[in-house]
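K.L.:
Start from the sequences and build out the full structure, keeping to the hints where you can.
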Amino acid sequence: MSFDDFLQAFFSLEILQQAWPILWAGLLNTLLLSVVVVPLGFLGGLILALLGTVHSRWVRWPLIAWVDLFRSLPPLVLLVFVYAGLPFAGLEVTALTAVAIGFFLNTGAYYGEILRAGIESVPRGQVEAARCTGLTAAQAMAHVVLPQAVRNVLPDLISNTLEVVKLTSIASVVALPELLFQARQAQSVTYNATPIMAAAVIYFILLWPVVRLLSRLENRQMAGRR
Amino acid sequence: MTNWDRFLDSFFNARVAAEYLPKIIEGFWLTILLAACIILAGVAAGLALAVLRSLGIRVLNWAIIFVVDLFRALPPLVIIALLYFGLPAAGLSLSGFAAAWLALSLVLMAFTEEIFWAGITAVPKGQWEAARSTGLGFLDTFTLVVLPQAVRMVIPPLTNRTIAITKGTALASVVAVQEILGAAQAGVSFSFNPTPLTLGAVAYLVLFLPVVILGRWVETRFAWKR
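Just so you know, the sequences run in chain order F and W.
Start counting the first sequence at 0; every next residue gets the next number (numbering that gives the first Met the number 0).
Start counting the second sequence at 0; every next residue gets the next number (numbering that gives the first Met the number 0).
Fair warning: there could be bad hints in the mix.
Selected chain F positions facing chain W (Cβ under 10 Å, derived; list incomplete) [said to hold, decoys possible]:
#1 L15
#2 A24
#3 F80
#4 L85
Rather than coming from a laboratory, the hints here were simulated on the basis of the structure.
Each residue gets a CB set at the ideal place from its N, CA and C atoms; glycine is no exception.
P.N.:
Now the structure itself:
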């Protein structure tokens, strides 16, 4: 195979031009999907983390079981279960609903663990001091504990968010027309790998700055652990 | 038939379960095989890259950083698609197993390198200097003094990352590997009953629940007092 053939197979401008509208639509859907599932997962995690502050074993143990359950199931398994399984229970779900449910359960568990660690990292004295000044428990949580908790685990939160955005690519399995799905469509029509290569390049351009930022934060975090 | 009976008949159908259990068990072993291959290759390659990076050869380090960033930014499913659907265009056909193995190994390699590198740089410079001044060479200093301290620091993040990437083996079902999810989906489409999916979910829980709980333990066991 000559170099020209290789270029033609993976970096064909002509194919890219043809496929661009399809890829663009996919990119927009990927962004849209991220904007939906990231806050959804974060919300789920926040609920779990707040429940984790309740000192009752009737809350604590079911909570740990819930989190470990959804951390044990691979996200794709959860998604397929929701999408292909629920119709048998008489519940027709659209691809988007299935993705939303799957991400809420899966990424919620991860965000929950991170936020729990964050809340635990805030010294008890902070809550006590806040309560002494007359804040209610809810106010102390919202205005004193959570802001510090989020700051303490910011690298982990960003890292998880990066993973969630990458994970939106599994929505292609349930035929949601996001970037990877569109690229596969274009590839199967053109018999050319350029669209998938283009999708990879788009993901890289989009997420590389986040990876750089994380790499810096993580190095600093590890150095601080000595 | 009440709704409850219908639900049981769909998701916990004993006849279907008996028929597809052998397939799921085959898939179970295949998942373990794939995961083992990924962990071996990924961790070894990642550690090798981190060691290479500590040599401090500038051009080489840029190349390593780029490769690591690349595989941290790309969604694993996109890499699998590129290898499985794209490479044939270059006259190179990989089996689904090989494509999934290579893709996930590269991703694990990237994260492992990053984690080990952070660990190595977190070992104080004085450790290097003290070891060198006792007459140890670069290699001895690195393997006997620096690496053992680095490894201890990196065990919790490395364990968690390895678990997360190992769960990515479910993505192999997209490229027709009959691991747990692949076998379960095939079972659903043959039997028109979601019980194989239930079995698959249980199989994943059997496999990953102990690992997730182990991860929790590792995190507290190796936690560094801050």
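K.L.:
Run every hint past the structure and note whether it holds.
P.N.:
Going through the hints against the structure:
1. L15: Violated. Min distance 14 Å.
2. A24: 17 Å, violated
3. F80: Interface hint status for F:F80: holds (5 Å vs cutoff 10 Å).
4. L85: 9 Å, holds
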